[in-house]
Amino acid sequence: MKKSADLVLILFVLLSGISVFLPVGVDADMSVQWWDKPTAFALLVISVAAALYQLISRETTTYAALLLTIGCIAGAFAPLILTRTVDASGYGAIGLWLFLVALGLLVWRSLALLSRAANGNHLLAFAVPALFGIWLLYLWQVVTIGFGIPSVLLPSPEQIGAAIENNTSTLFADFYQTVVKSVLSGFAFGCGAGFLVAILVDRVPFMQRGLLPLGSLVSAIPIVGIAPIMVMWFGFDWQSKAAVIVVMTFFPMLINTLAGLQATSHIEKDLMRSYAASYWQTLLFLRLPNAMPFIFNALKINSTLAMIGAIVAEFFGTPIVGMGFRISTEVGRMNVDIVWATIAVAAVVGSLFYGILALMERRITFWHASYRRAK
Amino acid sequence: MSDVDLKPVIEIEKLNLVFQTADTPVHALSDIDLTVNAGDFVSFIGPSGCGKTTLMRVIADLEKPTGGHISVNGMTPEEARQKRAYGYVFQAPALYPWRTVEKNIMLPLEIMGLSREEQKARAARNLAMVNLEGFEKKFPWQLSGGMQQRVSIARALSVEPDLLLMDEPFGALDEITRDHLNEQLLKLWDTTKKTVIFVTHSIPEAVFLSSKIVVMSPRPGKVIDIIESNLPRDRTLDIRETPEFLEISHRVREGLRSGHSYDD
Amino acid sequence: MTKPAEISKAGIWRRLYDGKSFPVFVVVLSLLILWYAGAVYMNSDRLIDQYERSKVEWSWQQLTEDAWSMERPILPAPQQIIVELHKTVIDKKITSKRSLVYHSYVTISSTLVGFALGALLGVLLAVGIVHLETLDRSLMPWIIASQTVPILAIAPMIIVVLGHIGLTGLVPKAIISMYLCFFPITIGMVKGLRSPDVLQLDLMKTYSASAAQVFWKLRMPASIPFLFASLKVAIAISLVGAIVAELPTGAVEGLGARLLAGSYYGQTIQIWSALVAASVLGMLLVWAVTITEKLVLGRTGREAV
Numbered sequence: 001m002k003k004s005a006d007l008v009l010i011l012f013v014l015l016s017g018i019s020v021f022l023p024v025g026v027d028a029d030m031s032v033q034w035w036d037k038p039t040a041f042a043l044l045v046i047s048v049a050a051a052l053y054q055l056i057s058r059e060t061t062t063y064a065a066l067l068l069t070i071g072c073i074a075g076a077f078a079p080l081i082l083t084r085t086v087d088a089s090g091y092g093a094i095g096l097w098l099f100l101v102a103l104g105l106l107v108w109r110s111l112a113l114l115s116r117a118a119n120g121n122h123l124l125a126f127a128v129p130a131l132f133g134i135w136l137l138y139l140w141q142v143v144t145i146g147f148g149i150p151s152v153l154l155p156s157p158e159q160i161g162a163a164i165e166n167n168t169s170t171l172f173a174d175f176y177q178t179v180v181k182s183v184l185s186g187f188a189f190g191c192g193a194g195f196l197v198a199i200l201v202d203r204v205p206f207m208q209r210g211l212l213p214l215g216s217l218v219s220a221i222p223i224v225g226i227a228p229i230m231v232m233w234f235g236f237d238w239q240s241k242a243a244v245i246v247v248m249t250f251f252p253m254l255i256n257t258l259a260g261l262q263a264t265s266h267i268e269k270d271l272m273r274s275y276a277a278s279y280w281q282t283l284l285f286l287r288l289p290n291a292m293p294f295i296f297n298a299l300k301i302n303s304t305l306a307m308i309g310a311i312v313a314e315f316f317g318t319p320i321v322g323m324g325f326r327i328s329t330e331v332g333r334m335n336v337d338i339v340w341a342t343i344a345v346a347a348v349v350g351s352l353f354y355g356i357l358a359l360m361e362r363r364i365t366f367w368h369a370s371y372r373r374a375k
Numbered sequence: 001m002s003d004v005d006l007k008p009v010i011e012i013e014k015l016n017l018v019f020q021t022a023d024t025p026v027h028a029l030s031d032i033d034l035t036v037n038a039g040d041f042v043s044f045i046g047p048s049g050c051g052k053t054t055l056m057r058v059i060a061d062l063e064k065p066t067g068g069h070i071s072v073n074g075m076t077p078e079e080a081r082q083k084r085a086y087g088y089v090f091q092a093p094a095l096y097p098w099r100t101v102e103k104n105i106m107l108p109l110e111i112m113g114l115s116r117e118e119q120k121a122r123a124a125r126n127l128a129m130v131n132l133e134g135f136e137k138k139f140p141w142q143l144s145g146g147m148q149q150r151v152s153i154a155r156a157l158s159v160e161p162d163l164l165l166m167d168e169p170f171g172a173l174d175e176i177t178r179d180h181l182n183e184q185l186l187k188l189w190d191t192t193k194k195t196v197i198f199v200t201h202s203i204p205e206a207v208f209l210s211s212k213i214v215v216m217s218p219r220p221g222k223v224i225d226i227i228e229s230n231l232p233r234d235r236t237l238d239i240r241e242t243p244e245f246l247e248i249s250h251r252v253r254e255g256l257r258s259g260h261s262y263d264d
Numbered sequence: 001m002t003k004p005a006e007i008s009k010a011g012i013w014r015r016l017y018d019g020k021s022f023p024v025f026v027v028v029l030s031l032l033i034l035w036y037a038g039a040v041y042m043n044s045d046r047l048i049d050q051y052e053r054s055k056v057e058w059s060w061q062q063l064t065e066d067a068w069s070m071e072r073p074i075l076p077a078p079q080q081i082i083v084e085l086h087k088t089v090i091d092k093k094i095t096s097k098r099s100l101v102y103h104s105y106v107t108i109s110s111t112l113v114g115f116a117l118g119a120l121l122g123v124l125l126a127v128g129i130v131h132l133e134t135l136d137r138s139l140m141p142w143i144i145a146s147q148t149v150p151i152l153a154i155a156p157m158i159i160v161v162l163g164h165i166g167l168t169g170l171v172p173k174a175i176i177s178m179y180l181c182f183f184p185i186t187i188g189m190v191k192g193l194r195s196p197d198v199l200q201l202d203l204m205k206t207y208s209a210s211a212a213q214v215f216w217k218l219r220m221p222a223s224i225p226f227l228f229a230s231l232k233v234a235i236a237i238s239l240v241g242a243i244v245a246e247l248p249t250g251a252v253e254g255l256g257a258r259l260l261a262g263s264y265y266g267q268t269i270q271i272w273s274a275l276v277a278a279s280v281l282g283m284l285l286v287w288a289v290t291i292t293e294k295l296v297l298g299r300t301g302r303e304a305v
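Protein chains in written order, with UniProt numbering: chain Y, 1 to 375; chain A, 1 to 264; chain Z, 1 to 305.
Next comes chain Y alone, as it looks inside the complex:
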């Protein structure tokens, strides 16, 4: 374990050292070396120093992890500065790209140290995936700029950020149309209906035996396919999108709630019977709490289904607003940065939606075995 960790750091130092003797870019037909750009070079030296310190001290404390992370961040700024000032798209910049590969090793080592320190530390447990995400965005940025990838093909995160800033009102209108009007109403109605029908069906064992086998069949059906039909029935506006979402979210909720209501053990039911509890008391005090993990499972599945459903349905016709509409028209106009901006909004909204549900789940089903690892 220790040895491989050392190896990663040694490799980083070695590769960075080699990169110092290779060109890092071309400026006005002149080959540029690291020392031609003193700031970038200084940053490289800082990151190498941080790696060497870790290599010698071999500490695994939070402090050491943070130190190495600072070294990574410092090192990361060096290519960022270079790609802005010189042409780095060819063999002329081989040193730069070699350093970037080496930096990947350093980031890996610092993430490993951080995640070891993250046990029981909520802030670090959050920082590790956040830093990983930032690293991916950073790579995207450096590669698109460095290789001069045309923005029609793949814009850099910076350009996408600018597109978000310049189109806030359009993006917000799309968000309002797709998320607030279609997704939320469809989600609420579909999940609510699934839940209520499950409670009704649960009271009639005959219906239960008839519906449950069909439920597993329904889960194999690509229900999004009803989108064109719903658009024909309910028109172009949000109602047709909500209808698609209602149908898509209904079945997962129905099946999960039914399974959840059956998750109660015999002893627990006998207990309620020995109290002469009524049907509704048993439902409220025992069976619904027991079903909660299942219900949240359905809510989380449905949150992603709802976003997919709304955007698919917009492909079959919309008023001239909405995220699906925006994507399909702006692709046609080659405004790729706006498309990516919309994707970014959709990703953030989808993650928030899911995150809020996951947080609620943690709050409400804190007692469930999957959450009570630490006593």
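Please keep in mind that the hints were generated in silico from the structure rather than gathered at the bench.
Bear in mind that the values here come from a model prediction, so they are computed numbers and not experimental data.
Built from N, CA and C at the ideal position, the CB exists for glycine as well.
Some hints could be false.
Residues from chain Z that face chain Y, not an exhaustive set, calculated with beta carbons under 8 Å [unchecked claim]:
(1) Pro-73
(2) Ile-74
(3) Pro-78
(4) Leu-139
(5) Trp-142
(6) Leu-152
(7) Ile-154
(8) Val-161
(9) Ile-271
Here the structure of chain Y is known, so what remains is to put chains A and Z in place on it, guided by the hints.
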């Protein structure tokens, strides 16, 4: 024991229960005759499949007999259940993980519709009864197995029933914890003067706890022997080394043997 | 609770009621009845309008008959869909562009390629996550986040980027399927690879087994039931991915393309028959995985999760 409080709480005559399974009917209970008096501590003992749990479930109206007569406090079991005349302790604690210890004990009281203050007062009183003061706000999964089972006893007591039905409540616990809880249970029985019916498959446990031991045998489930114990009401664990104790144990074992309980 | 004696003596009705097939039959039958009734209800407005315009006397019987045989109904009757399916599945040559078999083939090939890629990616990710704490902490949240991005939003971009490097046709669609279906496999496999308990792991430790041995002899076999449970979910999602991917690519082949074309020209019967074909396809695919599961698990004598 005085003759004054020999009031029958449970009367069972010619009780039969046949389970219909796919191939053959199973005679779970066959011609059971039994009377339990107020203040008795009655143990049902026998190997698995002898119907001891089933008999208790019939008393609790969790199972319907297919023949014979049974009355609980002079009522049918169903009426008794509706009136919440008994407290039931199961093999597993069956505590709800989403409720705190206190809230778990308050559960039957909420269902009965008692006032909030009464619920709280009873929870506190019964937690003290099982020596668990200070654990009100803990969740069940934060307690040990023995403590969880004590909470479930407190929950059964909180209904304030005269009759306590206990179905192998300490079966899943280690022997040291079990001895300790047995002593506590005896003290509880002595101070509250409740009638207790206790299902077990441990001979020492049955003899140590009971004033009356019902020995049962399987296929079909029937009563082999009913042994009145003459041990004093306040006993300690030391009593298990006395000749009286060993003699009663011997009689139980004889009963089990005559019912072919040791075959295969 | 076991049933008292009287019930078992009751007749065939009781047994039908308590069985499984009869309730399913009743539910399906009532759905069909609802469908026929719905077809009359939804198509009647337009029909009555037509009758009144051409000043024809009409009766309920006439209305019902017409509602079930319109050319472009709002809701077609089931038998119309069956006729259309018969026409496009059996009567047409399977190489014809009008044959649903042909379109199904196009969709299923990208479904299967995407499914294979997704399974591979999903299993590899799971193995990495289980063995490297760094990956578990840094990558896992992003794997979940990746699924909250509506795939259809990225689909056109994937097609643009891949098209630029010369990949068109099947590959972009398969990649979109893969993007959707690797997720349940990763989640299921992580759960499965972690399913051996401390006792079993300690046992391996007493044999001083290497990490590779623990993996191949304990973790891998233990994860197989979990793998199949997630494969069943994944293959259904993979089909959704393949269909959805056909929408923004402007594809002319495949079931998704049939849906799109049907919606352009208001051919409701065509949409419905494509939908039915997709559903049957989905069920067949899940069924195929279930059979494989039975074969594999049956040999090791284990139960499915």
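Hint-by-hint comparison with the structure:
1. Pro-73: It is violated, given that the least Cβ distance between Pro-73 of chain Z and chain Y is near 10 Å, above 8 Å.
2. Ile-74: 7 Å, holds
3. Pro-78: 15 Å, violated
4. Leu-139: 7 Å, holds
5. Trp-142: 6 Å, holds
6. Leu-152: Since chain Y brings a Cβ to about 5 Å from Leu-152 of chain Z, closer than 8 Å, the hint holds.
7. Ile-154: 6 Å, holds
8. Val-161: For Val-161 of chain Z, the interface hint holds, since the closest Cβ of chain Y sits about 6 Å away, which is under 8 Å.
9. Ile-271: 5 Å, holds
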